[in-house]
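Q: Single-letter residue listing:
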Amino acid sequence: MKTIMKKIAIFDSGVETPEEIILAAGFTPYRLFGDPNLQVDRANEHIPPTHCLWTRNLLEQAIRGLDKDIVGLIATHGCDRTNREFDIWLECVKLGFMFFLNSPRKRDKVSLRFFMDDLKELIAQLEETFKVKISENGLKEEIKKMNQIRAMLKKISEFRSKMIITGSEFHALVKNVQQSNKDESLKLLKSTLDKITSKDPLQKIDKKKKILLTGSDIDDTEFLKYLEDLGFTIVIDDLCVGTKYFWHTVDEGEEPIKALAKYHLEKPIYATKFPSYERFNHLKMLAQTYKADGVINIAQKFCEPVLYDHPYLSKKFKELEIPYLFVEVTYNREAYKQLSTRFSAFAEMI
Amino acid sequence: MSKQQQTSNKMLNATQGLKNIMGRHFLAIEQAFRDGKPTAWATSGSPVEVLYAMDVQPMLPENSATVSAAQKFSKNFIEKAEDEGYSYDLCSYFKTNVGAVLSNANMIQGGTRKPSFMLSTDVICDTHVNWFQVQAERLNVPHYSIDVPHVVSNTNNRQYNYFKKYVSEQLYELLDFIQEVTGNEYDEEKAREVSKNSWDLSMVWQQIYELRKNVPCPISTRDTFGGLFPLFTMPGLKEPIRLYKRMYKEAKERVEKGVGALKHEKYRLMFEGIPYWHSLKWFSNLEKYGAIIVYEPYTYAFSKYMNPKVTKEMVLNKPIEAMAELMLSFWYIYDLKTRIKKFAETVKEWKIDAVIMHENLSCRPNSCGLYDLKRHLMEDYNIPCLIVSADMNDPRKFNEEQMNNQVETFMEILEQKVHK
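Residue numbers (this note's numbering), protein chains in the order written: chain A, 437 to 786; chain B, 2 to 421.
Excised from the complex, chain B in its bound form:
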């Protein structure tokens, strides 16, 4: 039997452990409330490590919103938020969270608890800042926000240096803010331990991604879309590292046996954007064309230690400065020029045939620049690209039939291109 003919179980067995890990995360939140321990809401891209280092239990409402969508609650929550006056056009994560809080949803439904304080940054988008401003006022809790300067295609080194200084200064201010609100002090030893765990977690995730370079690809989005969550909810804990190591081991075994996540891998795709959490089955539909997604900038980006200037030594010894550098160089918010270059390199390294891009109707910062990115990839690098419009959390903005038709046509074109 040839390598290509061997079958796989699609999702890794180890990934099943994700449910337990996330379950423990939710239990830790409940435990924190029972123990009277400080808790905080944090937006993705925030320095969650600082919270763990100061013994504050983090909660990520974005993560909870995806749970609502996967459990088919998000539409209801979104409509509740719209009844409160929040526009149809605003972020569906935000509205899911507003609706979930208004509905007193439990954690299984994507609910969350009132925190001791909120921490937002605009690393990814200013929606995060607006979102937490709204909820901090409604729930009457303190809110600290980190302003991250916008790096553009012509930002020079001089600028980059004072950008870093600005973010670092705010991170130090954040430590004071947390101490003031919770009474907990910043412990350098604990910070070092958290930083080490965070680094190790990301490195294993990156190793898993390296395995995805293999043909056939051992891992599909069944493992990565959900597998991503510990990266932003639990960076600093040991448990998720063990889970990722198990995922890595199993994936490596697949590679050694020549087993792919897809039985007959024909096309290797990249998916740019946030998944449609309410309709994850859509991604399985790609399999009927022999297509597998082997790279998602979204799930890779959260293994944040990608900037070569940020070494392990820096992370352990100067965690705040390292954090500032990382917040400015997060893969998901690269300036357009760097983004084009990075996409082209990734396509080559991961042997990708085509890119599917999600023009996210309620995430404008993410979809801004997508048309130029597509044009450059197609014209300068001859990479086939398809843009599909949908929404990450609002199933009302998901036209499955139309999207399937688009994909079908795209696959026909790809067939001609790859096999000409």
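The following block holds chain A by itself, in its conformation from the complex:
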């Protein structure tokens, strides 16, 4: 009989929660995603209407009741609006383990030491609450496993620009991995890789406009399908349900806590961190390497970090003469449709 592993939910607008620690504690990391079809009601009693619609959606789900196998939650530092929602979660969501992970805003040596302290605290609290032991060897094993997942995702990701899989197919795959048992994920990725390695390019996407997709957390695969239907193909992205999840690997030779902290501080920077303007260098590299025809930057409504960065990114892409489109989106599938004219005009322009 198959044993169902208990899950630790992750409330993270980035992907900075070290899943290896959760795995080494004997749980399945389960990143929470929004449901754009969900009618938000009860969360409105806690969060004002002009606040992030995505995290409001997550709170609604949590108030109504999360998956029964979820025994704890880690909320990871994002922007200051969502950070302050953690206290509301403590009020509304009753789980035996709730931890706020202060992944630092900065990325220097002092921040690294601090992040290591916070990871050690996370480990201590997991051990105390669940009476488990998270050993160094256990962490090393999980790092190895997650690195395999990262490496395979990176390989599969490349098939997007070869026009063998679509951006939306890949997005669905990453999303699946972020919620699944990692051994199952490994099997899924291996079989996916086997299948696509011998596949021919899709003729239809070859004619589409190649774009780099960036912006807020975009977790609705239907949104990517919607873009594809409008004439785009997403050859590369800078998303948390995307390259941010696997672009680098963790150093397996390093002491595991340090290695995990370093990994998260060295990966491509988020709009929520400082200095977020460094995002541009990474975006530029992606756009040029993958020969994108244009860049689409999506801000979820009220997503301030992305809103602050937009004029700078717009200016910099203009200097590079790379077409750039910025669109604010409401977390609702009906609302996407109203934006079709803007996206179509951009597709025609590039």
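These are calculated hints, taken from the structure and not from any lab test. Note that CB positions come from ideal geometry on N, CA and C, so glycine has one too. Certain hints may be false.
[Unchecked claim] Just the calculated beta-carbon pair ranges, DEER-fashion: (1) Lys504/A with Glu346/B: 33 to 43 angstroms; (2) Gly667/A with Arg397/B: 56 to 66 angstroms; (3) Tyr173/B with Ala587/A: 37 to 47 angstroms; (4) Met307/B with Glu702/A: 31 to 41 angstroms.
Place chain B on chain A using the hints.
A: Relative to the frame of chain A, chain B by itself:
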């Protein structure tokens, strides 16, 4: 004549001196530029004392933004920033500053000068960090930012200790950064003097607040909304201490004579949030109901020495460590659980009848948790609360008629509750 029947001049005479003090602050900035002295922009909640201790003239663009709003320039500046691509939904202080710089506004209009460097922290919000990142790039100046960990309702002592270590280490780094940019060294003697002045300034402000516990309340928001500015622009100087002492003396006289800032004080209110700097008259409208605001967490919070662990001795002898502790325990950013408790205690101590909360449309970190705070105060402590939506600096997001209607209804309910 009974005590209650005596009249007052509403605003303290001493508060008129604020104009001079702030005028001197602006002159000191101009003088610094003439003398080639280093200058810095700092966000509120930053350790401005460090700047004074290292002979750097601080400028607080947030303070300047409120000037723009009060002088009715902010709308124009905000729209200029929006033309640059900054969203309608972003912080109106930020956009006022962007527009003011683009317009070359003078200090009377809320303009500011290009500094030698910028210092931001996310003590209050990460908007400050984003704001200075934007402006440091646009003005091409160095920027140091202090990352302050987020204390939540279940943060334990173990965590709090390494949070403190992290902030302290960055503060020491800041000293090196300032030295590198300006050539000025950190002088411990000067730091001690600045710390002492900062402590004294805050203590007098807290004493003034203590006087507000009296019925009738001797001081209204006419004194505190503006009176707050020296706390974050000039902590470390002697002049504002003298001003606060004069305010205290006059307020104490009012208390002794039984004179209130409002002729017939009927309701005592707390106002939570940043005031609407563009429409300060709105607060006077409360007077027609016999209501006076006797406490604002916003103006009290900036008298930062409220953490009992931070003693005067610590402030004088270990200013950096004291600063780190204070940056983590700033009243205005308390976690929800502590915030609820603190509100309930304050309501009791200051004999408050009801709380008006500003759901600030462009300050999301501040309005996050407001609904739960309100619910707890009403359900657990039976404190009437009203939430009104507006914006601190953007008059376009201020629906006066709607807000007045809300207040009118609220006052009717309060009347029934208080006088039942």
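Q: State for each hint whether it applies.
A: Hint check results:
1. Lys504/A with Glu346/B: 33 to 43 angstroms: Cβ of Lys504/A to Cβ of Glu346/B: about 40 angstroms, so the range 33 to 43 angstroms holds.
2. Gly667/A with Arg397/B: 56 to 66 angstroms: Given range 56 to 66 angstroms: violated, Cβ gap about 37 angstroms.
3. Tyr173/B with Ala587/A: 37 to 47 angstroms: 40 angstroms, holds
4. Met307/B with Glu702/A: 31 to 41 angstroms: 38 angstroms, holds
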